[in-house]
Amino acid sequence: GAVVSQHPSWVICKSGTSVKIECRSLDFQATTMFWYRQFPKQSLMLMATSNEGSKATYEQGVEKDKFLINHASLTLSTLTVTSAHPEDSSFYICSARVHRDYEQYFGPGTRLTVT
Amino acid sequence: KQEVTQIPAALSVPEGENLVLNCSFTDSAIYNLQWFRQDPGKGLTSLLLIQSSQREQTSGRLNASLDKSSGRSTLYIAASQPGDSATYLCAVEVLKLTFGKGTLLTVNP
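Chains as they are written, first to last, in this note's numbering: chain A, 1 to 115; chain H, 116 to 224.
Do not take every clue at face value.
Unchecked claim - Which chain H residues face chain A? A few, computed with CB under 8 Å, are given here:
(1) Tyr146
(2) Gln149
(3) Arg152
(4) Lys157
(5) Gly158
(6) Leu159
(7) Ser161
(8) Leu164
(9) Gly198
(10) Ala201
(11) Leu204
(12) Leu212
No lab work stands behind these hints, which were simulated from the structure alone.
Note that CB positions come from ideal geometry on N, CA and C, so glycine has one too.
Construct the complete structure from the given sequences, taking the supplied hints into account.
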């Protein structure tokens, strides 16, 4: 089956620093990748959608200057949390798919803790 | 705005029991519906994808149905096992995936 990886799986950083999270589709080319955020005991909320070679489309309320998304290739997307603050602490999950007629495959998630 | 509701929020059953998880959505003009499984602290595992033109999908002990007109989907799990214990999420896609809050399933040995 299709595999999506994320790196790192968990990260602790100090307030004010930036953190980069990588999302890779390992055995397929993903034309579209998605970034979600999940709070404890809550469901996933879509942050942004990115297509390879294009600028990401951010959901309402998501700061594009704070959450920088780059989809440089068909197998790699990165999310950079800039000037992180404690309220950015969360579980970040990416997903990828080949085409809208196919399912999204999700990565294992990255636990971010900002101290 | 699409809203997805999952009932019950939590369910505890003895091993071997057949069970049904429910999902309802407010906007019936969906492109597809997916059921996922999430283990604690982990990402999502896709279980079943139902396109809007389909009425059900089956995979092993899992069967998912879709009734677009009534805005409902059910996930049927046959002969439940302790390894089925997880949170089950329903998500519908219009322009994006909208998730329910999930059903926390515990299967007791």
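Right, here's what the structure says about each hint:
At about 7 Å, the closest approach between the beta carbon of Tyr146(H) and any beta carbon in chain A falls short of 8 Å, and the interface hint on this residue holds. Annotation: interface hint on Gln149(H) holds; nearest CB of chain A at approximately 6 Å, less than 8 Å. Nearest Cβ of chain A to the Cβ of Arg152(H): about 10 Å, over the 8 Å cut. The hint is violated. With a cut of 8 Å, the hint placing Lys157(H) at the interface with chain A holds, because the nearest CB-to-CB distance is about 6 Å.
Contact between Gly158(H) and chain A, as hinted, is supported at the beta carbon level, the nearest pair being about 4 Å apart and thus within 8 Å. Interface hint status for Leu159(H): upheld, as the beta-carbon distance to the closest one in chain A is roughly 4 Å, under 8 Å. A cut of 8 Å between beta carbons decides the hint on Ser161(H): the least distance to chain A is about 5 Å, and the hint holds. At about 4 Å, the closest approach between the beta carbon of Leu164(H) and any beta carbon in chain A falls short of 8 Å, and the interface hint on this residue holds.
Given hint, Gly198(H) at the interface with chain A, is violated; its Cβ is 18 Å from that chain's nearest Cβ, farther than 8 Å. About 14 Å separates the beta-carbon of Ala201(H) from the nearest beta-carbon of chain A, more than 8 Å, and the hint is not met. With its C-beta approaching chain A no nearer than about 7 Å, Leu204(H) sits inside the 8 Å limit, and its interface hint holds. With a least beta-carbon distance of about 7 Å to chain A, the hint placing Leu212(H) at the interface is held under the 8 Å criterion.
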